[in-house]
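Please model the entire structure based on the sequences and the hints provided.
Protein chains in written order, with the numbering used here: chain A, 2 to 253; chain B, 2 to 103; chain C, 281 to 602.
If you are wondering where the hints come from, they were derived from the structure by calculation, not from laboratory data.
Beta carbons are placed, not taken as given, at the ideal position from N, Cα and C, and that holds for glycine.
Hints are all accurate, no fakes.
What follows is a set of in silico ranges between Cβ atoms, one per label pair, in the way DEER data are often shown:
1) A:141 x C:397: 45 to 51 angstroms
2) A:215 x C:321: 47 to 53 angstroms
3) A:252 x C:321: 45 to 51 angstroms
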Amino acid sequence: MTLQAEFSAALLDAERLVPSGLIAWNGSNPDKRFAVYRNNVVTSLIDALADTFPVTLELVGDEFFRAMARVFVAQTLPRSPILAEYGDALPVFVENFPPAASVPYLADVARLEMLYLTAYHAADARPLDNAAFQSALADSAALPNARMRLHPSVGLLKSPYAVFSLWAAHQGAFGIGTVDPYRAEDVLVVRPRSDVEVMPLRSGAFYFLEQLADGASFGDSVMAVGEVQPDFDLVATLSDLIGVGAVIAINF
Amino acid sequence: MTKPHAQNAISAITLAAALGAALSMTSAPVAAAEGANEHCYGVALKGKNDCKAGPGTTCAGTSKVDYQGNAWKSVPKGSCEKTASPTSPTGFGQLQEFKEKA
Amino acid sequence: MPISSSDAILSSNLAGLTRDEIGLRHHSNTTNASYPSGRLPAQAGVGLKPEHYEAVLSTRPKLGFFEIHAENYMVQGGPFHHYLTRIREHYALSIHGVGLSIGAEAGLDKAHLDRLAVLLDRYQPESFSEHLAWSTHGGNFLNDLLPLPYTRQTLDRVCEHIQQVQERLQRRMLLENPATYVEFSQSTMTETDFINAVLQRAGCGLLLDVNNVYVSCTNHNRDTHAYIDALSLSLVEEIHLAGFAEDRDDAGARLLIDAHGSPVAETVWNLYRYTLERTGPKATLIERDNDIPPFERLLEEAMRAQDCLIAATQELTYDVAG
Numbered sequence: 002m003t004l005q006a007e008f009s010a011a012l013l014d015a016e017r018l019v020p021s022g023l024i025a026w027n028g029s030n031p032d033k034r035f036a037v038y039r040n041n042v043v044t045s046l047i048d049a050l051a052d053t054f055p056v057t058l059e060l061v062g063d064e065f066f067r068a069m070a071r072v073f074v075a076q077t078l079p080r081s082p083i084l085a086e087y088g089d090a091l092p093v094f095v096e097n098f099p100p101a102a103s104v105p106y107l108a109d110v111a112r113l114e115m116l117y118l119t120a121y122h123a124a125d126a127r128p129l130d131n132a133a134f135q136s137a138l139a140d141s142a143a144l145p146n147a148r149m150r151l152h153p154s155v156g157l158l159k160s161p162y163a164v165f166s167l168w169a170a171h172q173g174a175f176g177i178g179t180v181d182p183y184r185a186e187d188v189l190v191v192r193p194r195s196d197v198e199v200m201p202l203r204s205g206a207f208y209f210l211e212q213l214a215d216g217a218s219f220g221d222s223v224m225a226v227g228e229v230q231p232d233f234d235l236v237a238t239l240s241d242l243i244g245v246g247a248v249i250a251i252n253f
Numbered sequence: 002m003t004k005p006h007a008q009n010a011i012s013a014i015t016l017a018a019a020l021g022a023a024l025s026m027t028s029a030p031v032a033a034a035e036g037a038n039e040h041c042y043g044v045a046l047k048g049k050n051d052c053k054a055g056p057g058t059t060c061a062g063t064s065k066v067d068y069q070g071n072a073w074k075s076v077p078k079g080s081c082e083k084t085a086s087p088t089s090p091t092g093f094g095q096l097q098e099f100k101e102k103a
Numbered sequence: 281m282p283i284s285s286s287d288a289i290l291s292s293n294l295a296g297l298t299r300d301e302i303g304l305r306h307h308s309n310t311t312n313a314s315y316p317s318g319r320l321p322a323q324a325g326v327g328l329k330p331e332h333y334e335a336v337l338s339t340r341p342k343l344g345f346f347e348i349h350a351e352n353y354m355v356q357g358g359p360f361h362h363y364l365t366r367i368r369e370h371y372a373l374s375i376h377g378v379g380l381s382i383g384a385e386a387g388l389d390k391a392h393l394d395r396l397a398v399l400l401d402r403y404q405p406e407s408f409s410e411h412l413a414w415s416t417h418g419g420n421f422l423n424d425l426l427p428l429p430y431t432r433q434t435l436d437r438v439c440e441h442i443q444q445v446q447e448r449l450q451r452r453m454l455l456e457n458p459a460t461y462v463e464f465s466q467s468t469m470t471e472t473d474f475i476n477a478v479l480q481r482a483g484c485g486l487l488l489d490v491n492n493v494y495v496s497c498t499n500h501n502r503d504t505h506a507y508i509d510a511l512s513l514s515l516v517e518e519i520h521l522a523g524f525a526e527d528r529d530d531a532g533a534r535l536l537i538d539a540h541g542s543p544v545a546e547t548v549w550n551l552y553r554y555t556l557e558r559t560g561p562k563a564t565l566i567e568r569d570n571d572i573p574p575f576e577r578l579l580e581e582a583m584r585a586q587d588c589l590i591a592a593t594q595e596l597t598y599d600v601a602g
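So this is what it looks like as structure tokens:
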């Protein structure tokens, strides 16, 4: 085993002996000194997760979140030095983490927060303006085959839980006591300009957006939703998407 | 005219009407951006998260000790305790309001 | 404060440069391509934090430069790039990497090096620096700057990696001296000899972190002045100042932690002035990564560093004239 293999294995496993060859000038036990590195690695990564998942943390409290994150960190280290990408595996971990079973919606809230961070740092693009929409309308015969391009920051989440309401309650939108977490909600996350927008989706809108994101034409997307979601409100959904700035182009 | 075209011809009118109606009820995207959520909730959702940048790197160590072992004693003790239970009679006004507007 | 003798700068540099007994001769026939490096102004700068973007743009403080961590800006778009682009229009920039893992046993991460090249190309910083440390192993990123044994083997590896970095980026980089908590029985050279050898062989500059000097010297019971004096000070291009936290080792000796979560300590200010007397004025960064205070607090510390730099400039003028 190389020195760095031994060193990194001991960093993550406090039961393991510290690497051989560590010394201190006063002959003191190197364990205490090595513990500084152990602590730096684990604490900094837990802190990184706490920064990315503030609502997830608030839902279960600081103590539980940090203890849970500690288990996650020990088994899932970042694969890249870009910490904005760290944590994308946390939702799946939370889902399968028995002590969190009493909070079944926790994993989806974490998913929403990861989408938020991803949108925050996503590529920039200008939302389509009114004039461009009007000119698309002028070419109405070509509309069915046109493709709406969504903003590169768009993230979609479909949840059996009230993931938007839970998140919004923690932004101070309303009291968490009024939220029924067991009500299904779909969410759109997008950063049209400088701020990330988080928006609950109407019935069928998630499926519609999924079609558009997959590159389906406008006409096909509408028809596909109509088949599975008869109460889909196309006008209101389009108004939501245009209003929030989720569309950046209509390609004919 | 082949069948797909006929279908598309019908859709074209529907789609144009829908897009036209959507545009007429939406002001320019830029101007509408701030309004979308407020319209539904009467509360600005621009919370503390809006300036949240996520984790940053550090080239520093930490003196904040996080030594907790693997013995599991922790139970969720956060705001989840305040969420309404499935059988709770609490009204879920906000979501309801959203559904009604939809 | 002791006043430096008129030849202090010269003598300490010579001392540093002639003490590379180990590892130099062997490689002296492989001459390094020398790469251009921009120059940060010899003024005080501050680490740029998202919390302070707005304050920086609205107040435009008189600062020599800002420094960012490269990895925070390896994202596609969004507010980070928006603000950095605007701030860059008004200030010199230092890009400081924290994830390249120059001391890693494995080869450099080429994808990461490519990302760095893209970032440097975009912002054209006056300076690029990294650490004498390792932080990745087996494809995992450990998010800490981990220590190296000072051996010939490590020296060869570090030099090779720095040369790869400089070749890929087509620029000279600065290497930062580490803050460490343990030493290795395997080490065959002192840290200062090791650093001097790297600087000479790899042809890079030195980012002298004065807080790290204080932290490491305390942790390993070394003399801070002797440490500074032993370095090739003519190659210093930037200085870092930060705060440390205090702990105890198993025998009760002081164990300092390079925590960047508090103001610069008085002892470190003293060591900074001692350093400037020997290097002359050098771009100096106030680093703060934890418990970020309001921007004005960091600015106050930067102003204090600026005063030291002005004093060092006057001293230098006096020395030359006298």
